[in-house]
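Asks: Sequence:
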Amino acid sequence: LDFNPTFFSHRNVKNNMTLSSPDKDIRDFWIAHGKACRKIANYFGEELGITALDDIWIPDGTKDVPADRLGPRQHLKESLDEILSVKYDRKNIADAVEGKVFGIGVESYTVGSHEFYMNYAAKNGIMCLLDTGHYHPTEVVSDKISSMLLFNDSLALHVSRPVRWDSDHVIKFDDELKELATELVRCNALGKVFIGLDFFDASINRIAAWVIGMRNMQKALLYGLLTPNRHLKEAQDSADFTRVLQQLEEMKTLPFGDVWAEFCKRNEVPVDGQWYSVITDYEKDVLSKR
1 LDFNPTFFSH RNVKNNMTLS SPDKDIRDFW IAHGKACRKI ANYFGEELGI TALDDIWIPD
61 GTKDVPADRL GPRQHLKESL DEILSVKYDR KNIADAVEGK VFGIGVESYT VGSHEFYMNY
121 AAKNGIMCLL DTGHYHPTEV VSDKISSMLL FNDSLALHVS RPVRWDSDHV IKFDDELKEL
181 ATELVRCNAL GKVFIGLDFF DASINRIAAW VIGMRNMQKA LLYGLLTPNR HLKEAQDSAD
241 FTRVLQQLEE MKTLPFGDVW AEFCKRNEVP VDGQWYSVIT DYEKDVLSKR
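Read left to right, the sequence shown gives residues 1 to 290 (the numbering used here).
What the hints contain is simulated information worked out from the structure, not anything from laboratory work.
Ideal placement from N, C-alpha and C gives every residue a C-beta, glycine not left out.
Hints may contain errors.
[To be verified] Simulated DEER-style distance windows between Cβ atoms:
(1) Glu234 / Phe102: 34 to 44 Å
(2) Thr138 / Asn15: 45 to 55 Å
(3) Val163 / Phe263: 23 to 33 Å
(4) Lys63 / Lys265: 51 to 61 Å
(5) Phe151 / Gly257: 35 to 45 Å
(6) Phe151 / Tyr282: 44 to 54 Å
(7) Asp174 / Ala122: 29 to 39 Å
[Stated by the list, open to error] Derived pair list, reagent style EDC-like, types lysine to aspartate or glutamate, alpha-carbon separation capped at 16 Å:
(8) Lys123 / Glu78
(9) Lys35 / Glu82
(10) Lys24 / Glu107
(11) Lys39 / Asp89
(12) Lys192 / Asp237
(13) Lys219 / Asp153
(14) Lys24 / Glu78
My request is simple: use the sequences and hints to build the entire structure.
Replies: Spelled out as structure tokens, the structure:
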């Protein structure tokens with residue numbers, strides 16, 4: 001469940017500020033909204049017998065260089081403290097905060113930066129959520145996972161495909177997705193991480209987008225599980241970096257697709273090449289008539 005002010009009326013967003021606004025009425029509106037989101041998430045978790053994730057992300061910032069960076073962050077900290085003041089059973093709800101490097105219209109200053117939220121999460125015992133599109137283009141989330149898990153019991157991810165920026169394309173089975181999933185396996189973190197897929201692409205069939213994204217995430221996790229991580233670690237620890245490179249490169253031509261096909265067969269779902277006709281039939285018979 002995302003706390004996302006951009007989905008609501010701009011009457012309650014003043015000068016690109018919500019929880020960090022200098023206007024107390026604006027802050028109070030979003031504090032109340034944040035509390036309501038957490039109440040709903042707790043209800044979901046309680047009723048479904050799961051742990052529901054409530055993630056807080058806000059678009060606050062300034063287009064040009066600000067005169068005051070500290071003040072808005074003080075307001076944001078106080079607002080978050082108030083939202084999280086209501087205590088729920090952690091079996092029902094997991095709280096997370098999500099940073100970002102910049103946004104359209106707030107290019108020069110983002111109040112809720114990665115550093116702000118990473119420190120806030122650590123200090124308050126909640127999760128930090130990493131969105132693969134919320135960093136500088138030369139940064140990769142796969143490199144951040146081990147550092148985050150070394151100091152935190154759990155972690156949340158929004159996995160998307162940023163094209164030059166946070167454009168949230170449907171994820172591909174590409175090198176970074178495989179590295180991210182493999183890092184989760186290497187860190188023995190599959191039971192510690194919430195994985196959410198984050199993509200908005202109305203130019204393609206939405207059901208197909210969901211299926212492609214989900215299957216690619218599953219493929220990446222399978223790839224990580226099939227990687228000989230223990231042998232690679234032993235080679236690295238003995239400074240045999242040639243061996244590491246050789247094994248990683250030769251893995252690329254191993255018959256991964258056969259293992260994936262067997263996985264689909266055992267779970268009684270279509271293998272690659274068989275599911276797309278189901279989507280097109282549904283689009284023709286159902287979606288087109290709405």
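Asks: So which of the earlier hints does this model not fit?
Replies: 2, 10, 12 and 13
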